[in-house]
Amino acid sequence: MQLITTMLLDGLSYASYLFIVSVGLTIIFGVMKILNVAHGAFYAWGAYAAAYAIGLAADNDWPDWSGFVLIFVAAILVGIVLGTIIERLILRKMYHEEEVLIVLATFGIFLILEDVILLVFGVNPYFAYQPMALLGSVKMGGIIRDVYSLTLFGLAILVAFGCWYGLNRTKWGKLLSVVIFDREISLAMGINVQMVYLVTFILGATLGALGGAYIAPTISVAPGFGIDVIVLSFAVVVIGGMGSIPGALIGSLMVGILRAIAVHKFPEFELFVVFGVMAAVLMIRPEGLFAPEKARRI
Amino acid sequence: MSSNLFKLVGRTVLAGGALAAMVATGPAIAKDTINVGIASFLTGPAAGPFGVPGRNGAELVIDAINAGTLPAPYAKAGFAGAKMNPIFVDESGGNAKQVGEYRNLVEKRGVDAVLGYISSGTCMAITPVAEELKKLTVLSVCGTPRVFEESNRTYVFRTQAHAVGDSIAAARYVLDKFKDQKGYTGINQNYAWGQDSYKFFDITMKKLAADTKASDNPQFPKIFAGQYGTEISTLSLDPAKLVHTSFWGGDIEAFVLQALVRGFFKDKQVISSVGGSAVDSLGKKFPDGVVMGTRGEYGLLVRNKDEPLNKWFVNEYKKRYNAYPLGPSYQYASSVLAYKIAMDAAAEKAGGFPTQDQTMAALKGLSWQSFGGKVSLSLADGHQAVHPVGYGITKWDKDKKEPSVSDVKFYAPGCIYAPAGQKSADWLAAGMPGAKC
Amino acid sequence: MVSMAWNDKTIRWAIIGFALLAAAGWLLPTWILNNVMFGLARGLAVLGLLVLWRTGLVSFGHALYFGLGAYAVALLEKYGGVTDVFLKFGAAIIVAGVFGFLLGFVLRNYRAIFFAMLSLAFSMVLYGVLVKMEVLGSTDGFSVTQNTILGWKPDGKYPLFCFIVLTCVIALSAVQLYLKSALGHLTTAIRDNELRVEYLGYSVARAIHVKYLASACLAGAAGGAMAMALGQVDPDSMVNWTVSGELVFITIMSGAGSVVAPFIGAIVFEFIRTYAFELAPQAWQLIVGGTLLAIIFFLPGGIWSLLEKPWAKGEADNG
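If you read the sequences in order, they're chains Y, V and G. Quick note: the first sequence uses the numbering used here, first residue 1, plus one each step. Quick note: the second sequence uses the numbering used here, first residue 299, plus one each step. Quick note: the third sequence uses the numbering used here, first residue 736, plus one each step.
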């Protein structure tokens, strides 16, 4: 019983992390039909920016809770700056190209951003443990857990709700649905599709950066940790259905919990389960478990 | 037809021929400079805590040797009189990439020797290539005993003792200090270093204390995984109190941060065989009471050792890089020093600039006073170093505002390494006959 | 068959070019020889991707077959003690071919991004298995050190170089002949309109399956050749998704214009990487990524489009 609770909690915590990281990817794909490999770089940049800011705050004796504010500020800044540069300078010129070329271009962007991190932040690791230390720990299911990782769960719910609300209850959301539904008609109707694309990309980038920024306090922020995140979030997004936000939620939960079970019981299969499930879902339901309804065009 | 294509091919052939003529080398003639490739992690998660301190240690000592400012008895300038021009290369990107880069170092850039390498994976990968290309290669940090125990090497040396000693010393230290703890588990990276480290720790515990109980679920996450939430839960659920880890670089830092906040160190006794870099980088955040090793007379454990070479090294390093030298700094410096001693000795014997074979002959079986202590190439037919390995218990020094260690105990090579000619695994299985502790 | 091959202009000149390359190998310094060899090996996998690409399919998981080929070679040597180049190479192709044949039944029904993603998933499954299994070398992989040719143990890499050159010529000629055959002509037809191809009485699924099998075998051959040329296999440099990405990158960089292009592109890539690494050890990814973007924006036809004009002119002169 204790084992089951532990696995469930570990799984949920990892799933929350996966959801926050991958929801930006699925939004960008859903609207722009771009499979964005550079997402891993947003994640890394978010982590670096947050760790840098929190470290600076600690050096200047700001209170520890300021870290939570800085995490969000860092993520938004990274999202706006990188998102704008990449969308305006590179992607905008490519929308008429083949999908695979765009994927490759984002791969190129990823490689470049990885090294720019190195040039900007150097190779020494950054630590930003203050927010995690501030929240302390709590005993749950017989073992001690850190509260910070549990807040991930709250953040995931917040992000999920925010996305749902934004899409279904705001004017912007309606615009988005229209553009997703039919880009050409939207253009003809006078919707500023370029603007919608830019905002979507910034939003996706910010969410990717938020994933990194929020995880920064728990790790040693060092070069090269964006690589594994890309395929993991690909797996999540594909399992749930590319472009679907509830899909990303279900995908994260499946991957998170299966991985927790694997680590506890069959450590050799830790990575296998993630991609095994991804392949299985693609074989059985290629569109993913929660694919958005395809619009039928006349 | 495509005369252009022909021209292109023709030009390539001509250029290639010219290059081939250029790289052809003659016998050893006196040189003003030697080019030496020095590999360490310059990018990726291991760069900050391992690669760069290692590189810095090498750089410091190379500059001092070139200028002749190293303390006695190594004050003679140069490597057999020649200045070393180090070519620093990055060790990250996977083994296959490293093999390619090693070939480039030797065949394209024509280096006189290659020093360095941190990961056991890289060392295993480049060793056969070094033998194939017949290039003197001195490994600095990597620990897996497989490098020399799987087959005999001619061109490859290692100035660092192998992982078996780290594991045996860890087990002996633990049994010495924490007699009443009967259960142990571990978290180690899933590659040569981590697998070997835990395997040898496990065997030693079983041999030395039959009543200890090994966990049936030790953890082996992927190297550089970064997030250990689930693994920490697994270890927490395990009744074993002792937790062995050979994590290094960013992994040990991340693990400590994540475990610390979960009160892991209050509940468990952690034994870290090579986490010294994290003690410094995390500072007062690093928990007290962790059993900490540095894989030899390096870094934290010998920081205050009162010997002229050590004092010189610590002071100069601090002056230049504004930090204490870490384990890898010592390990790289030691390789450079061994290479210099061998070059000088070979030059004296040959009465002129030594050939690679003469240098290797001088290096074989060499025993020298290094920066932290004495090192002897006494295993694997004079290719594999041994030296004492020690552990201590971490404690944050409030007055000096820097980390310190107490209860430091070093184990002599005769206690923790199989005698020359025996395989470590066989020796351990036989119950470590002839160990002198 | 042979005369048919010789009558094809591309094959004829490729044979002459590769023969010259093999001869030049005598004179080339070892490091150039090595990089050319790596380029040729990778070029085989890129040739495989080219076959798929002409049909409009892009695999983001070809590292699966590259890795299978490489590991087939390494495991055969490690556990079977086999050192013969022909045996190891054959094993690489067979292992990749068997997997390609089986997975082909699934993948032949997929198109576009789904094809890319499912390929990626399969390759990452192999990656996950290799990384976590100690008997399969986990992250360390294995060394491949013994290469013998029919019992003869050559000194140096030149014989292996010639072997790889020969393999490339055979592979390239076979692909060229295939593309010129009726089945091969379906390639572009499928890309343009699948439905019409079906109406013509051909099975699109089967045609794609054949192409997929061929490209899997080529990637397997590439991995096997790479393992022997390099002397090392490991999951991060041979099976991870970045390897698949690199292969697609080289395909785009080479251009789809000719079966010769993949080899030229792969060799160029190998040299770009070597020099980037040498000039900027901390920023080589930046150089590679920048090259990728530059190619996409300024040279959409790939390197081949630079060579195509003189080539076409030569043809006119000949005509």
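Just so you know, these hints were derived from the structure itself, not from any lab. Among these hints, one or two may not hold up.
As the list claims (entries may be wrong) - SDA-like cross-link-like pairs, simulated, lysine to any residue; straight-line CA separation at most 20 angstroms:
#1 K93(Y) - A757(G)
#2 K564(V) - V147(Y)
#3 K520(V) - D228(Y)
#4 K813(G) - E430(V)
#5 K617(V) - N124(Y)
#6 K406(V) - L1014(G)
#7 K520(V) - V870(G)
#8 K520(V) - I257(Y)
#9 K475(V) - E447(V)
#10 K93(Y) - T1026(G)
#11 K406(V) - W766(G)
#12 K539(V) - A57(Y)
#13 K139(Y) - N124(Y)
#14 K813(G) - E447(V)
#15 K520(V) - E869(G)
#16 K583(V) - V147(Y)
#17 K139(Y) - D536(V)
#18 K520(V) - I227(Y)
#19 K497(V) - F266(Y)
#20 K583(V) - K93(Y)
#21 K583(V) - Y52(Y)
#22 K475(V) - S704(V)
#23 K520(V) - P267(Y)
#24 K406(V) - V870(G)
#25 K583(V) - I227(Y)
#26 K406(V) - E869(G)
#27 K406(V) - P764(G)
#28 K520(V) - Y52(Y)
The structure presented is a predicted model; accordingly, all values stated were derived computationally and were not measured.
Results for each hint:
1. With a C-alpha separation of about 43 angstroms, the suggested pairing of K93(Y) with A757(G) is violated against the 20 angstroms cut-off.
2. A distance of roughly 17 angstroms separates the Cα atoms of K564(V) and V147(Y); the hinted pair therefore holds under the 20 angstroms criterion.
3. For a cut-off of 20 angstroms, the pair hint linking K520(V) to D228(Y) stands: about 11 angstroms separates their Cα positions.
4. Taking the CA atoms of K813(G) and E430(V), the gap is near 18 angstroms; set against the 20 angstroms cutoff, the hint holds.
5. The hinted pair formed by K617(V) and N124(Y) meets the criterion: a straight-line CA distance of about 18 angstroms does not exceed 20 angstroms.
6. Taking the CA atoms of K406(V) and L1014(G), the gap is near 13 angstroms; set against the 20 angstroms cutoff, the hint holds.
7. With a C-alpha separation of about 15 angstroms, the suggested pairing of K520(V) with V870(G) holds against the 20 angstroms cut-off.
8. Annotation: proposed proximity of K520(V) to I257(Y) holds, straight-line Cα distance about 18 angstroms (limit 20 angstroms).
9. Taking the CA atoms of K475(V) and E447(V), the gap is about 32 angstroms. The hint is violated against a cut of 20 angstroms.
10. Pair hint K93(Y) plus T1026(G) holds up; C-alpha atoms about 17 angstroms apart against a cutoff of 20 angstroms.
11. Among the hinted pairs, K406(V) with W766(G) is consistent with the structure: their alpha-carbon atoms are about 5 angstroms apart, no more than 20 angstroms.
12. Between K539(V) and A57(Y) the CA atoms are separated by roughly 37 angstroms; this puts the pair beyond 20 angstroms, and the hint is violated.
13. Distance hint between K139(Y) and N124(Y) is unfulfilled; the C-alpha atoms sit about 34 angstroms from each other, more than 20 angstroms.
14. A threshold of 20 angstroms between alpha carbons decides the hint, and for K813(G) with E447(V) the separation of about 16 angstroms falls inside it, so the pair holds.
15. In summary, the hint linking K520(V) to E869(G) is supported, as the alpha carbons are separated by about 12 angstroms, within the 20 angstroms threshold.
16. Under the criterion of a C-alpha separation no larger than 20 angstroms, the hint pairing K583(V) with V147(Y) is consistent with the structure, at around 18 angstroms.
17. Pair hint K139(Y) plus D536(V) holds up; C-alpha atoms about 16 angstroms apart against a cutoff of 20 angstroms.
18. For the given pair, K520(V) sits about 14 angstroms from I227(Y) by alpha-carbon distance, which is consistent with the 20 angstroms threshold.
19. Proposed proximity of K497(V) and F266(Y) is supported: the alpha carbons are some 19 angstroms apart, at most 20 angstroms.
20. Restraint check for K583(V) and K93(Y): not satisfied, since their Cα atoms lie roughly 49 angstroms apart, outside the 20 angstroms limit.
21. Of the pairs offered as hints, the one joining K583(V) and Y52(Y) holds, with about 17 angstroms between alpha carbons and a cut-off of 20 angstroms not exceeded.
22. Between K475(V) and S704(V) the CA atoms are separated by roughly 12 angstroms; this keeps the pair inside 20 angstroms, and the hint holds.
23. Taking the CA atoms of K520(V) and P267(Y), the gap is about 10 angstroms. The hint holds against a cut of 20 angstroms.
24. Restraint check for K406(V) and V870(G): not satisfied, since their Cα atoms lie roughly 35 angstroms apart, outside the 20 angstroms limit.
25. As the CA atoms of K583(V) and I227(Y) are separated by approximately 28 angstroms, the hinted pair breaks the 20 angstroms bound.
26. Between K406(V) and E869(G) the alpha-carbon distance is near 34 angstroms, which puts this suggested pair outside the 20 angstroms criterion.
27. For the given pair, K406(V) sits about 8 angstroms from P764(G) by alpha-carbon distance, which is consistent with the 20 angstroms threshold.
28. Between K520(V) and Y52(Y), the direct Cα distance comes to roughly 26 angstroms. Violation of the 20 angstroms bound is thereby established for this hinted pair.
Checked against the numbered hints above, the structure breaks hints 1, 9, 12, 13, 20, 24, 25, 26 and 28 and satisfies the rest.
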